[in-house]
Amino acid sequence: MSRRDAAHGASDAIGSALYGLATRAVRRLPRDMSLTSAATLATLDKTGPRRITDLAVAEAVTQPAMTVLVRVMEASGLVERKGDPSDKRVTLVCLTEAGASYVRTRRQAGVDAYARLIDELTGDEIEALAAALPALLHLAELEGHAREESDR
Numbered sequence: 000m001s002r003r004d005a006a007h008g009a010s011d012a013i014g015s016a017l018y019g020l021a022t023r024a025v026r027r028l029p030r031d032m033s034l035t036s037a038a039t040l041a042t043l044d045k046t047g048p049r050r051i052t053d054l055a056v057a058e059a060v061t062q063p064a065m066t067v068l069v070r071v072m073e074a075s076g077l078v079e080r081k082g083d084p085s086d087k088r089v090t091l092v093c094l095t096e097a098g099a100s101y102v103r104t105r106r107q108a109g110v111d112a113y114a115r116l117i118d119e120l121t122g123d124e125i126e127a128l129a130a131a132l133p134a135l136l137h138l139a140e141l142e143g144h145a146r147e148e149s150d151r
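Mapping of the sequence shown onto numbering that gives the first Met the number 0: position 128 corresponds to residue 127, and the numbering continues sequentially without gaps.
Just so you know, the hints here were simulated from the structure itself, not pulled from any lab data. Hints may be right or wrong, so weigh each one.
[What the hints assert, rightly or not] Here are the simulated distance ranges between beta carbons:
id : residue 1 : residue 2 : range
1  : LEU120    : ALA12     : 14 to 22 Å
2  : ALA64     : ALA21     : 18 to 26 Å
3  : ILE125    : THR22     : 21 to 29 Å
4  : ILE117    : ALA38     : 18 to 26 Å
Cβ coordinates follow ideal geometry from the N, Cα and C atoms, glycine included.
With the hints as constraints, model all of the structure from the sequences given.
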């Protein structure tokens, strides 16, 4: 087997493992809101206030669907709309403190779930994951860039 074939095989195995892990992780998330709603809140937490059209692009939904989603989250007190100080014609969607708290709580629940699983690993397995952390972080960064490119 050539080095290229071995690398491709490793890529497939790693991709399969990560996909399976991500799929199971999504299934364990709280089901108190849709994934799109939770992702929209996380986007606002990461980027700050955004236009509805920008949120729709970021979450790969139509603008009318995002408008409905924002209305529901606004009624729940998770987001609010404010005028853009630099352009009075523009309305921005902003995360409220309740929305920010929700994002933090959901994120921490995910971290805690993985921490419990990691605690079940052997010391060698934990060391292997720690050694792979820079590559995993780079992979997440590449995925983020790929998503941004597909949004354009």
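Okay, the hints, checked on the actual structure:
Checked against the hint of 14 to 22 Å, the pair LEU120 and ALA12 passes, with Cβ atoms roughly 18 Å apart. For the pair ALA64 and ALA21, the beta carbons lie near 24 Å from each other, so the given range of 18 to 26 Å is met. Between ILE125 and THR22 the beta carbons are some 23 Å apart, a value that agrees with the proposed interval 21 to 29 Å. For the hinted restraint 18 to 26 Å between ILE117 and ALA38, the CB-CB distance of approximately 24 Å keeps it satisfied.
No hint from the list above goes unmet by this structure.
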